[in-house]
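Asker: Each chain is listed here by its residues.
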Amino acid sequence: MVIINGNEFDVSGKTIAQYLGETNYSTARIAVERNGEIVPKSQYDTVILNDGDTVEIVSFVGGG
Amino acid sequence: MVLGQEQAQRYARHFVLKEIGVSGQKKLLQSSVLVIGAGALGSAAIIYLAAAGVGTIGIADYDEVEISNLQRQVIHKTERTGMKKTASAELTIRELNPDINVRLHDEKVTTDNITDIISMYDFVIDGTDRFETKFLINDACVLAEIPYSHAGVVRFEGQAMTYVPKKGPCLRCLLGSVPPPQETLTCSQAGVLGAVTGIVGSVQALEAIKYLLGTGNLLTGRVFTIDGLDMVSKVTTIPHSDPDCAVCGTEPSILSLKDNKEEYEIKSCTI
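Residue numbers (our numbering), protein chains in the order written: chain A, 9 to 72; chain B, 232 to 502.
If you are wondering where the hints come from, they were derived from the structure by calculation, not from laboratory data.
None of these values were measured; they are calculated from a predicted model.
Hints are not guaranteed to be accurate.
Which stretches of chain B does chain A cover? Using the computed rule of at least three CB atoms under 8 Å from a CB of chain A, they are [stated by the list, open to error]:
no.	segment
1	235 to 244
2	325 to 333
3	381 to 392
4	435 to 444
5	464 to 475
We put the beta carbon where it would ideally sit given N, CA and C, even for glycine.
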């Protein structure tokens with residue numbers, strides 16, 4: 009299981025890009041942190057989620 | 232610096248806070264904050280900075296007050312439609328607190344002028360309404376090593392974080408580059424509720440005041456998010472910078488704003 013924003017998801021083995029593809033997140037407007045480190049957008053296709061990973065996804069908006 | 236009798240009364244509620252006190256108040260009165268954008272975020276931030284006695288407040292904006300601004304931009308007034316936002320904000324500050332030295336930067340921030348403007352201040356607040364400008368402010372503050380508060384608001388949602396040089400990630404560490412226009416919505420396209428901009432703009436003023444006083448825990452390495460509709464707020468800890476960040480990483484590719492000018496040009500489709 010992977011803990012994403014505090015909830016458990018059965019997504020181990022998937023890349024971050026594969027997980028995000030199943031969600032409504034706008035990839036350009038999010039920051040993804042895995043086990044305390046930022047995952048650069050260029051690595052979404054290659055970083056694979058493992059059992060026990062903790063992931064935080066934060067969405068940003070641009071208005072003001 | 233000696234506080235006058237009126238100042239002693241004005242800031243009495245600060246004196247009893249151990250984090251401020253008389254010495255902290257003097258520090259605030261001798262500090263300077265630049266607010267870029269006298270819009271919705273800027274309105275809340277400027278009003279609370281002025282009320283708190285932040286001695287010098289700079290305001291950078293090139294727009295004029297429109298009637299459609301007033302449901303959220305609470306520093307402006309109905310009779311001031313058509314007036315420069317900088318001039319309108321200055322009037323409100325003067326009514327609220329005559330202690331404040333107001334500096335107006337009646338121009339659009341660009342790669343040519345932003346470094347000179349931000350370098351005059353201890354802390355910068357980004358109250359602008361476009362990712363392109365938010366990245367310009369981010370990169371300028373990173374390169375000039377000036378702390379600043381980032382924020383954004385659309386609809387009922389918003390976020391804020393505080394960049395302090397070499398102490399945590401910058402906006403570019405987190406997002407990489409300006410999101411393409413089809414991925415973003417401006418307030419005019421998506422709508423926005425003033426009460427939400429008030430919360431987030433207040434958070435920005437609070438961060439500036441904490442930074443100036445050197446007290447509390449900043450939103451550095453942490454992102455505050457709020458969804459005002461479901462009333463869920465959260466602080467996500469993202470403690471480390473991205474070592475590959477193009478502006479604050481170990482081998483940055485953005486060494487001057489001019490080299491990266493194209494990214495800061497407004498591409499968002501606006502109504």
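Asker: The structure should be examined with respect to each hint, and the outcome stated for every one.
Answerer: Evaluated hints:
{"no.": "1", "hint": "235 to 244", "verdict": "violated (count 0)"}
{"no.": "2", "hint": "325 to 333", "verdict": "violated (count 0)"}
{"no.": "3", "hint": "381 to 392", "verdict": "holds (count 8)"}
{"no.": "4", "hint": "435 to 444", "verdict": "violated (count 0)"}
{"no.": "5", "hint": "464 to 475", "verdict": "holds (count 8)"}
In this structure, the earlier hints numbered 1, 2 and 4 are contradicted, and the remaining ones agree with it.
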